[in-house]
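A.B. asks: This is what each chain is made of:
Number of protein chains: 2
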Amino acid sequence: MTMNISGKQIIGNTLSGNGIDTFQSLIKNNDGIAYTFHEATTAEIDEAIELANQAAPIYKRLSYTKRAEFLDKIADEIIAVGDELINITRQETALPQGRLLAERDRTTNQLRFFANILREGSWLRAIIDLPDAANPAKSDLRQMQIPLGVAGVFGASNFPYAFSVAGGDTVSALAAGCPVVHKAHPAHPVTAELVAQCIIKAAQQTGMPEGVFSMVQGVTYQTGLHIVGHPLVKAVAFTGSYQGGKALFDAANKRPEPIPVYSEMGSINPVFILPGILAEQGTDLAKSLAQSNLLASGQYCTNPGVVVLPDSDIAGQFMDDFKLEVDNASGGTMLSDSIYKSYTRGTEKLSNHEGVEVYAKGTGEHDTAAVPHMFKTTAGIFFDQEALSEEYFGPASVHVVTKNNDEVYKIARNLRGQITATIWGNEQDLKDYAELRYILEDKVGRLLVNATPTGVEVANAMVHGGPFPATTNGATTSVGATAIYRFTRPVCYQGLPDSSLPEALQNSNPLGILRLVDNVYTRNTIS
Amino acid sequence: MTMNISGKQIIGNTLSGNGIDTFQSLIKNNDGIAYTFHEATTAEIDEAIELANQAAPIYKRLSYTKRAEFLDKIADEIIAVGDELINITRQETALPQGRLLAERDRTTNQLRFFANILREGSWLRAIIDLPDAANPAKSDLRQMQIPLGVAGVFGASNFPYAFSVAGGDTVSALAAGCPVVHKAHPAHPVTAELVAQCIIKAAQQTGMPEGVFSMVQGVTYQTGLHIVGHPLVKAVAFTGSYQGGKALFDAANKRPEPIPVYSEMGSINPVFILPGILAEQGTDLAKSLAQSNLLASGQYCTNPGVVVLPDSDIAGQFMDDFKLEVDNASGGTMLSDSIYKSYTRGTEKLSNHEGVEVYAKGTGEHDTAAVPHMFKTTAGIFFDQEALSEEYFGPASVHVVTKNNDEVYKIARNLRGQITATIWGNEQDLKDYAELRYILEDKVGRLLVNATPTGVEVANAMVHGGPFPATTNGATTSVGATAIYRFTRPVCYQGLPDSSLPEALQNSNPLGILRLVDNVYTRNTIS
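Protein chains in written order, with the numbering used here: chain E, 2 to 528; chain S, 2 to 528.
Next comes chain E alone, as it looks inside the complex (with noise of 0.2 Å):
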């Protein structure tokens, strides 16, 4: 494959540039030139959102089959670009190759994994309810879920693939049969072009609706409002910074409309660690979590950014073998100079911290690459600054050390939303503290025992949300098969014939998919 890059807007099988701002992309081509990006004009970002849904209701009468095909196919697309977007993408993002690689892995198996879901149809919450002879109050009522309309997706930065163009919110959206107008993360626009072609190819081979993806860059705010803003616009999901999430919430509650705005704003992630496995394997851990905290310069939103551990000799030695890890660790280039100049800003301001002692400090590769920090703290410190709960996204730990079990739970229940929080502990450790769990599950998307909070599996199970401010909507997630739900809603059909009603609902239950009929969940047809 020959790589044209086009720096225009995708609205649908169209190219338009008519945007006179344009901004470059960090990368240069083979001649050593910089790529022109042009910013979407609002007239662009409707286009795109018109034709998106015209495509809607279309694309929503296409069996699930077909869809699965789509999403299918851009996973082929994606890998048949081969070497050349992982090369791009680490020239832009300045993450490692094998990184990227597995990152590439797993977008690729997060779209055959909805693909499959659609392919099993039991997603669909089949609900029946037959009307009963002898109860003329007793109507037929049949519930399944149908999706929103056109779903506004905004790219994230630390995951150029998997929360990008062809992402989670991207996949989850499309499975759920919404049309994407997708916002390119600017710190890699020439990714995201590789990665929308994949899907426009990938939708013209398998014959989907033009406009059921269409892809606008831009580097201001003003895009993105422009597309939460937009009428016919009805979902929008995007993962990245707490002002950035809360502006588009704010917005999208706002419009004379509201619609779900599911931003993913990161958290603290705490970690909690118990007397009894401290005093086990305090190395091990902190040497784990250490790796953890450091990991790709720390720019994960499961990244454990604040450890609680009693005060003691062994917490002093686990606190000296994490100091160690960060002492001899060289932070590298951050995803984009705005995230370095955050994170530079947040460890400034923590080490300047009253009460708060700089325990280790690593090295930048280089001048404007993340220096790694660990830093300490006490329980009362951290309960009354709210900036030692503040997320400093990149590779920093707050290291909170508690004189007694009260003010654990202290620090458990004065928390607010994160995505994960995670329990260190042996078997009677987990008894003695058994009261956290309680506590910690109502913080957290995902509770981990024993477990590092990094690594996020797309799985059935999977719960990468969590309470306000770790998201907006605390009742979904944005990785795993439940993310689909967020793009679609119930609907009760009453009394349709059975031709009229969707194949999920029919008598002869022509998907095979497992519904609730008559308070008994079955596969079998309807006599």
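Intra- or inter-copy, both count: the list cannot distinguish identical chains.
The calculated lysine-lysine pairs, modelled on DSS-like cross-linking and capped at a C-alpha distance of 25 Å, are:
1) Lys-61 with Lys-411
2) Lys-350 with Lys-324
3) Lys-139 with Lys-288
4) Lys-377 with Lys-362
I should point out that these hints are in silico values taken from the structure, not numbers from a laboratory.
Given the structure of chain E, go ahead and fit chain S onto it with the hints provided.
C.D. replies: What follows is chain S alone, placed relative to chain E:
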């Protein structure tokens, strides 16, 4: 039972009437004296919420069987109050005895319905992904639904039992595991206190933690806004006017920690009558639709307020048949003075609207009773004039006569979100207008064919919801089994030892519930 009305807030097991502001009940006691109710003070509201928050961790850990006992017991206690409750409510609401008896049954059945859901247990949506020894990247992940925390629930005026103190919102929150702070509707404060006493008794008798239910009284918006603004309240349910529901939604989104507000705000519930069935059954149809429209002085959220029908002689006959029903109808006292005034303002506005003809007008039983109205207009006027798409809560209907199918489809496409829409058609009609189902399903919570939308069954498949402005959250329902999910969210447990897991997710499946285990739906244990 001797009726004992305190006129105070019921804060757990304590009565509190610290407020200086009071209001009087419409009804009088045996001595001919109205009951005096104390407005809840903000301190009292805070106390109720704090007590609920203390109850929350205890309540959520009780077995689902215990929760079910509590709900069943509430039903028993309501029945035990006997005729006195019906008599009081009849005086407070002007609703007829037969309707109230049926509504009480519906309410107690609804309590038992949710109790049975809890006993069966599969509502928890347990999902388990087991680890794989051959693949170390695959973790033990287990997802289920957990309660959100304290719920604020607002009573509705039009359903003094089924959508008030022990109504659908309260029961689905309690079933979900959320303590409830209920704001009684000031249109029926005596009924509210009687039912609240039932809940408190049931809570005491079944060993629920104090604070699992509290009720506050008030006539001002401040009471409601204070509940929504309280940081310990985690979800809110409301049924009522657009203004009221939207104000709560906006307030919740402006909180430092936004919370979901499930406002059900009514709709015009359009009915599309297709030509074939009109010719075959026009007269019967006119009668049954008119009855649905005039039922209980039209005070249903699902009242069919707009009828779309093709211009023809037969349509003229339909309208004359409908007119006869309206002309002969006599409207009664409405649920409250403010509802009466709003209805009267609305029908006056439509009566004076250009292009709108008053086609029929009934009578009111007395000077301040609802006067049934039937209006006629054209599709052109209907498109242009927003006033015609508004809900006029009461016995009014707008009949839109269409010149061609384009107008029919355009009306359907331009609809705002609705709780229901209905198609009346014979077999041929449904074939000829197959498109209509696809258009309308995107606009509604429930789509009916050849049925009247009033009469909302408490069933597994029911959706009483719909896109904005019918509700503030189109992905939910306030009636039926899935109403419970408004008060829950998923949490994922990773790597927890079996003994630390909730019962629903333990290997032995002690609850015997349906679970999705490694892609298979099963009630089997995990070995």
